[in-house]
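K.L.:
All chains should be built: construct the whole structure from the sequences, respecting the hints.
For the protein sequence lines, the chains are C and R, in the order given.
The first sequence begins at 1 in this note's numbering and counts up one residue at a time.
The second sequence begins at 1 in this note's numbering and counts up one residue at a time.
Calculated from the structure, these hints are not laboratory results.
It cannot be assumed that every hint is accurate.
As the list claims (entries may be wrong) - Simulated crosslink set (DMTMM-like; lysine to aspartate or glutamate; CA at most 25 Å straight-line): (1) 44(R) - 68(R); (2) 68(C) - 42(R); (3) 44(R) - 42(C); (4) 41(R) - 103(R); (5) 54(R) - 94(C); (6) 49(C) - 97(R); (7) 49(C) - 56(R); (8) 51(R) - 94(C); (9) 41(R) - 2(C); (10) 44(R) - 8(C); (11) 56(C) - 97(R).
Spelled out, the chains give:
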Amino acid sequence: GDSVTQMEGPVTLSEEAFLTINCTYTATGYPSLFWYVQYPGEGLQLLLKATKADDKGSNKGFEATYRKETTSFHLEKGSVQVSDSAVYFCALSDRGGATNKLIFGTGTLLAVQP
Amino acid sequence: EAGVTQFPSHSVIEKGQTVTLRCDPISGHDNLYWYRRVMGKEIKFLLHFVKESKQDESGMPNNRFLAERTGGTYSTLKVQPAELEDSGVYFCASSPDRTTNTEAFFGQGTRLTVV
Chain C
1 GDSVTQMEGP
11 VTLSEEAFLT
21 INCTYTATGY
31 PSLFWYVQYP
41 GEGLQLLLKA
51 TKADDKGSNK
61 GFEATYRKET
71 TSFHLEKGSV
81 QVSDSAVYFC
91 ALSDRGGATN
101 KLIFGTGTLL
111 AVQP
Chain R
1 EAGVTQFPSH
11 SVIEKGQTVT
21 LRCDPISGHD
31 NLYWYRRVMG
41 KEIKFLLHFV
51 KESKQDESGM
61 PNNRFLAERT
71 GGTYSTLKVQ
81 PAELEDSGVY
91 FCASSPDRTT
101 NTEAFFGQGT
111 RLTVV
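P.N.:
Structure representation (structure tokens):
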């Protein structure tokens with residue numbers, strides 16, 4: 001079945017460092033891809049999404065490009081801030097499915113130090 | 001506009017007891033989803049309601065779990081009897097229309113601890 005694999009954490013960076021969190025997926029159809037973020041004490045929030053190959057999602061300085069040839073959707077940010085400390089989840093949604101449910105990766109904890 | 005609200009935020013119960021989690025979706029959202037994250041692993045789909053009907057319950061782990069959505073509004077997820085492996089964070093999400101692939105909005109989650 002469909003699945004998402006993302007890099008293990010925790011990832012610890014200094015403020016202003018470059019961030020990459022790897023995410024690859026396996027899907028039989030043509031999924032939409034998402035990054036969700038969970039800040040401490042809060043619920044899951046959609047960070048960005050891409051619905052077809054070569055689309056780039058972006059928000060709050062974060063970017064991810066839907067790469068069909070490598071089945072990847074890596075999350076990047078050029079300069080992280082302490083406020084970016086959170087758990088990041090990569091997910092896919094099978095648009096052809098009956099439920100449009102999300103399939104998540106295991107989450108990557110990011111800790112940014114001042 | 002109020003977001004997705006879940007009650008309680010935390011629950012600690014003993015093995016064998018019953019617990020009921022509640023989710024109030026965003027008003028007007030026909031789709032309601034339950035997910036669970038166990039022990040820092042991936043967030044897993046449990047089930048999906050469209051209004052009051054169960055569209056997909058393939059993720060429900062066993063018959064100790066019962067989900068309802070009365071009148072297509074709020075939903076409850078009951079665990080009876082609870083086991084240690086049921087501990088985790090239970091998330092609820094809602095969305096207005098599946099066909100347009102709109103964003104699902106999540107609640108803060110209920111952290112369930114079974115001791």
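K.L.:
So, for every hint listed, does it hold in this structure?
P.N.:
Hints versus structure:
{"no.": "1", "hint": "44(R) - 68(R)", "verdict": "holds (19 Å)"}
{"no.": "2", "hint": "68(C) - 42(R)", "verdict": "holds (23 Å)"}
{"no.": "3", "hint": "44(R) - 42(C)", "verdict": "holds (18 Å)"}
{"no.": "4", "hint": "41(R) - 103(R)", "verdict": "holds (23 Å)"}
{"no.": "5", "hint": "54(R) - 94(C)", "verdict": "holds (18 Å)"}
{"no.": "6", "hint": "49(C) - 97(R)", "verdict": "holds (17 Å)"}
{"no.": "7", "hint": "49(C) - 56(R)", "verdict": "holds (24 Å)"}
{"no.": "8", "hint": "51(R) - 94(C)", "verdict": "holds (20 Å)"}
{"no.": "9", "hint": "41(R) - 2(C)", "verdict": "holds (16 Å)"}
{"no.": "10", "hint": "44(R) - 8(C)", "verdict": "holds (17 Å)"}
{"no.": "11", "hint": "56(C) - 97(R)", "verdict": "holds (23 Å)"}
Violation of the numbered hints given earlier is absent; every hint is satisfied by the structure.
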